[in-house]
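Visitor: All residue numbers for the sequence shown refer to the numbering used here, where the first residue is 659 and numbers rise by one.
Be aware that a few hints might be false.
Stated by the list, open to error - With a straight-line cut-off of 27 Å between C-alpha atoms, the simulated DSS-like cross-links for lysine-lysine are:
id	residue 1	residue 2
1	K776	K855
2	K814	K733
3	K733	K882
4	K855	K882
5	K882	K776
6	K805	K882
The hints are simulated quantities; they were obtained by calculation from the structure and are not laboratory data. Everything numeric in this text was worked out from a predicted model, so none of it was measured.
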Amino acid sequence: MHGGRPRHLRVRRAAERGSFRRLHNRRIARLSSTSRDYNPGMRVGPLLCSPLAAVLCSHALAYPRPPRGTENIPKLMADSALICKGEVVEAPEVTVVSDPRPPHRTATAIVHVDRCFKGERPASEVVPVLFDNILPPGGGPYVVLRKGDYRLFFLKPEEDRYVLVDDWFGQLSISRQLGATPFGDTDPMHRLEVDLKAGLNDEDHERVLDSIRMLGNMRHLQSKEELVSLLDSQDPLVRTYVFEAMLRLHDYSVLPAVEQWLTAQPQPPPSLTLPRDALFEMQDRLAGEISMIRDPATLPILLRLLRLPSPFARQAILQAVRAINSPQSAPSLLKMLDDPHADNAFIAMQALIELAGGGAIDWVPPLPAFRENPNYYAARCREWWQAEHQPQQ
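Hey, can you work out the whole structure from these sequences and the hints?
Guide: Structure (structure tokens):
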């Protein structure tokens, strides 16, 4: 259930699954949204990196869900009529039934509101929120609330009560700390920014991490000073969360520090247990953020990161290099044709073809054929590039 972070989450990395599943969510789509592929009609199947593996290994194993921690706060804000934070003071118990029918809202939780960021705070200071307290077996996109939960709620009215605007991210764990909102401030995003920054001083380590993540997921801040100050934290998890948040805010000034950190990390084990292995998970999460960089000025660092030992990290970085589509990347892409992971070599081949302008190339194989004989096709690509498509000096 997705009312909060599970105490122990077992994450099986994609290499053990051997499948390339295309999930319909923002992060996957952006990972695979680079230019055309050749042969026409064939598309690079991006490897599921571990942050994406974490998606599939939540409680609802049988039901695909978006990656943890990827809430789009501007969209949630726009979709909501009422946004507030507070504590669930009443909620019926949750039960699981054998009936396989889809879940539906069956119970009402009472939330005591401490602060509203959008919409009017009720005079009674309580809000009734519909949720699922009768769940089918096998999981699914359901909403669970329990007495004592303290959440940030994104709500819309339904008759005389409220429902979450999003089953996955309509309620988010948040610090109880209240920021000092400037008098007359009516900007919901800035009011939330102020409270999230207050949460950076919470005594609960998890709430600090939540605050950092959500600040990054706001996509724009009036000031990043508080985040920047945490780059000197002695807590490596706090630092890596700040790296991720800054990358999501498109502040690539942290990229040299990200490169230094990633280069110094050991290879993650085949499977992760959270929260114990949270730092290993952050390697893949940072690689996932790097995969979405499109700024040509970052290319020197991206090309150096192609030497990382993790095939999942290399693939993510290849996606960014390919999308930037700069001739400066050609020497590195030629080297990547020999990547021991055939899928990475295939992406490098596709990127070289795009650099050369594409066109009808009769020897270009589909991915399954490339996997069967990567050395042959790497040599063929290298010969083709050098003979016919070397850029003019």
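Visitor: All hints are to be evaluated individually against the structure, with a verdict given for each.
Guide: Taking the hints in turn, this is what the structure says about them:
1. For the suggested pair K776 and K855, the alpha carbons sit about 18 Å apart, so the restraint of at most 27 Å is met.
2. This hinted pair checks out: K814 and K733 have alpha carbons roughly 13 Å apart, not beyond 27 Å.
3. Restraint check for K733 and K882: satisfied, since their Cα atoms lie roughly 21 Å apart, inside the 27 Å limit.
4. With a C-alpha separation of about 10 Å, the suggested pairing of K855 with K882 holds against the 27 Å cut-off.
5. Distance restraint check for K882 and K776: the Cα-Cα separation of roughly 22 Å lies within the 27 Å cut-off, and the hinted pair is therefore satisfied.
6. For the proposed pair K805 and K882, the alpha carbon gap of about 34 Å is over 27 Å, so the pair is violated.
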